Amino acid sequence: MTVRPLVEVVRLGLVPYKEGLRLQQVYVNRHRSAPVHALLLCQHSPVYTTGIRHKPYPGPLLDQLRLLGADVHHTNRGGLITFHGPGQLVCYPVLNLGSFKKSVRWYVSQLEKTIITLCGRFGVEAASSPHTGVWVGDNKICAIGIHCGHYVTSHGLALNCNTDLSWFGHIVPCGIEGKGVTSLSRELQRDVSVQETIPHLLDAFREQFNCQLTEGETPEPEQNFGVSSA
Amino acid sequence: MAMRAALRCLSVNLSPRLPQLSSAAQVSATRLLCRSGFPRTLSTDSGQCTALKFTEKHEWVLVESGIGTVGISNYAQEALGDVVYCGLPEVGQRLEQMDEFGALESVKAASELYSPLTGEVTAINTELAGNPGLVNKSCYADGWLIKMTIEKPEELHKLMDQPAYDKFIKSLEE
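Going line by line, the protein sequences match chains Y and F. Heads up, the first sequence is in this note's numbering, so the first residue is 1 and it goes up one at a time. Heads up, the second sequence is in this note's numbering, so the first residue is 1001 and it goes up one at a time.
It is possible that some hints are incorrect.
Claimed, not checked - With a Cα cut of at most 30 Å, we get these calculated BS3-like pairs of lysine-lysine: (1) Y:Lys-102 with F:Lys-1170; (2) Y:Lys-113 with F:Lys-1057; (3) Y:Lys-102 with F:Lys-1057; (4) F:Lys-1137 with Y:Lys-102; (5) Y:Lys-102 with F:Lys-1158; (6) Y:Lys-113 with F:Lys-1170; (7) F:Lys-1170 with Y:Lys-55; (8) Y:Lys-101 with F:Lys-1152; (9) Y:Lys-101 with F:Lys-1170; (10) F:Lys-1057 with Y:Lys-55; (11) F:Lys-1167 with F:Lys-1147.
I should point out that these hints are in silico values taken from the structure, not numbers from a laboratory. Keep in mind the model is a prediction, meaning the values are calculated, not measured.
Produce the complete structure using the sequences and hints provided.
As structure tokens, this is what we get:
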């Protein structure tokens, strides 16, 4: 009998990026006691984020991006600069790879395959490439950037459903020159919402990772009683 | 230092003749060099070198003259994929055993590195800034990450030797 790992699906709704980071940390910390896997789903208000290779993005450049009305965040994930905003399905699997396979290379490939399958369900032909992420021709439809510590994953993927792609025009997405971005809506020439996409993502994820999914409870937003947090 | 030069010579000389030589065999060859005392440039102040020791997080440490050189194992570099960036600590940083001391990035994944011992960072491999792929190509030699002092030599005893580590990774693959 093969025991398939149980993954809790947590729907966060539209949250600022910082709140997404805080909630990921809550789920990462849960792994200290036992492997309790979670799949966080959300959308973010407009934000540009950078990864551990943040030197290509000096302060003045980031200030320019803030002037556009977006938030800017430096993170500990892999990958270069990217954009998150409404209409983009952001998924943060917080898994202990010990219950799956202890290889980040395998894990990232699994995420790519999950999205390729999902796109297939919509009739969009997507593929992976030497550049991590999921592509439709020369246009990236889904960005991936993760962090792994003590075999626990955080950060994840961002799939453009009906994102306003003009936000990407202000950066070289993921540092890859000469390539573009796309979305499910652009490829299908109709509006494809995050809501419509979620069930397909969950199906593809369950299949690719050979796991069981269960609905989790959304944690309470951080209560600020006027005391500044540490 | 002499040890490292010998290791480099070893990897260069062996590769053309024995293209199938695995990193594990490289390590065994290193130990052969130690025991036989060949070449003469290998003799160190302490008169003895130690074999590679491994952590469960797949870092290795090699001690010579009271300084530990740290890197990641072949198993680890394969599981990571092509390394594109090495985030390393500052020289002088003090590390406790199992402290996170940096991260390697590959396939858009940042994976943390954990210190095998307690000590102070004395050097970082500056070659990796321009050539991070050394971690994949030469994980036991040119792809070394940091050097550190050894504050608690007893910690070395708790680490795995080559045979124990080989057994450990076999158990992971099952």
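Now the hints, each set against the structure:
1. Y:Lys-102 with F:Lys-1170: holds, 13 Å
2. Y:Lys-113 with F:Lys-1057: Holds: Lys-113 (chain Y) and Lys-1057 (chain F) sit about 27 Å apart, inside 30 Å.
3. Y:Lys-102 with F:Lys-1057: holds, 10 Å
4. F:Lys-1137 with Y:Lys-102: holds, 21 Å
5. Y:Lys-102 with F:Lys-1158: Answer holds: Lys-102 (chain Y) to Lys-1158 (chain F) is near 22 Å, not above 30 Å.
6. Y:Lys-113 with F:Lys-1170: Cα-Cα ~27 Å, so holds.
7. F:Lys-1170 with Y:Lys-55: violated, 39 Å
8. Y:Lys-101 with F:Lys-1152: Roughly 33 Å separates the two Cα atoms, so the pair is violated.
9. Y:Lys-101 with F:Lys-1170: Judged against 30 Å, a Cα distance of about 13 Å means the pair holds.
10. F:Lys-1057 with Y:Lys-55: holds, 28 Å
11. F:Lys-1167 with F:Lys-1147: holds, 26 Å
Going through the hint list in order, the structure does not satisfy hints 7, 8.
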